[in-house]
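A.B. asks: These are the residues of each chain, in order.
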Amino acid sequence: DQQVKQNSPSLSVQEGRISILNCDYTNSMFDYFLWYKKYPAEGPTFLISISSIKDKNEDGRFTVFLNKSAKHLSLHIVPSQPGDSAVYFCAARVQGGSEKLVFGKGTKLTVNP
Amino acid sequence: DTGVSQNPRHKITKRGQNVTFRCDPISEHNRLYWYRQTLGQGPEFLTYFQNEAQLEKSRLLSDRFSAERPKGSFSTLEIQRTEQGDSAMYLCASSLRSWYGYTFGSGTRLTVV
Chain A
2 DQQVKQNSPS
12 LSVQEGRISI
22 LNCDYTNSMF
32 DYFLWYKKYP
42 AEGPTFLISI
52 SSIKDKNEDG
62 RFTVFLNKSA
72 KHLSLHIVPS
82 QPGDSAVYFC
92 AARVQGGSEK
102 LVFGKGTKLT
112 VNP
Chain B
6 DTGVSQNPRH
16 KITKRGQNVT
26 FRCDPISEHN
36 RLYWYRQTLG
46 QGPEFLTYFQ
56 NEAQLEKSRL
66 LSDRFSAERP
76 KGSFSTLEIQ
86 RTEQGDSAMY
96 LCASSLRSWY
106 GYTFGSGTRL
116 TVV
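As you go down the protein sequences, you meet chains A and B in turn. To get my numbering, take the position in the first sequence, counting from 1, and add 1. To get my numbering, take the position in the second sequence, counting from 1, and add 5.
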């Protein structure tokens with residue numbers, strides 16, 4: 002069962018505009034959510050996270066929003082840059098001490114110059 | 006700090022053969038994780054070590070898979086009697102304190118023919 006869902010396999014935006022990547026989850030026991038970015042031939046790189054007790058976390062051009070009632074989170078990138086072109090994974094951790102992260106399938110973002 | 010190193014980068018093997026992958030984590034990191042990523046999917050958790058102790062194992066880690074981390078430094082992942090379904094990218098990650106913000110290696114791509 003897919004507990005973390007990224008329903009858009011790909012997204013294309015123009016440089017300078019906003020990129021919005023979405024993620025839905027089904028498990029109410031997730032207590033942290035993370036976004037990873039992956040370039041080809043490299044491992045995923047941690048980008049930003051949010052605790053389930055918060056609804057927003059911001060780091061420079063990256064902001065993550067969490068809507069617990071809708072079991073939905075989104076990553077906003079403003080302004081988008083060509084170097085942001087990568088696959089973005091949403092991940093979540095189950096509360097209770099597990100070290101395991103559950104990943105979505107990823108969304109490939111292309112930022113066009 | 007040279008990051009998380011994985012060897013080999015690519016491995017092609019015949020079905021039924023045994024393979025072993027190596028992961029060298031960031032030197033001060035005491036936590037080490039193995040994930041598997043198949044085409045079009047996000048990384049899936051396999052196992053977790055804290056120092057030399059293997060503390061979590063996924064049900065994905067069948068009897069043919071074994072992981073070790075002798076002396077709490079590098080780790081090896083062995084797959085015995087490989088099957089075509091084992092073809093995937095095997096990712097290793099490490100962290101200093103907890104699951105938060107793993108650092109991933111570039112992975113070992115296994116192709117079973």
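Errors might be hidden in some of the hints.
Stated by the list, open to error - Some chain B residues judged to face chain A by a derived CB distance under 7 Å, without partners named:
no.	residue
1	Q46
2	G47
3	P48
4	E61
5	L65
6	F70
7	P75
8	F79
9	G90
10	G106
11	F109
12	S111
Said to hold, decoys possible - Some chain B residues well away from chain A (every beta-carbon gap over 12 Å; in silico):
no.	residue
13	E49
14	E57
15	S67
Stated by the list, open to error - Label-pair restraints from in silico Cβ distances:
no.	chain 1	residue 1	chain 2	residue 2	range
16	A	V79	B	G90	40 to 50 Å
17	A	V79	B	A58	40 to 50 Å
18	A	D60	B	R69	36 to 46 Å
19	B	K76	A	N28	14 to 24 Å
20	A	G84	B	D68	35 to 45 Å
21	B	H34	A	R18	31 to 41 Å
Simulated from the structure, these hints should not be mistaken for lab results. Ideal Cβ placement from N, Cα and C applies to all residues, glycine included.
A.B. asks: Which numbered hints are broken by the structure, listed smallest first?
C.D. replies: Violated hints (numbers, rising): 5, 6, 7, 8, 9, 13, 19; every other hint is consistent with the structure.
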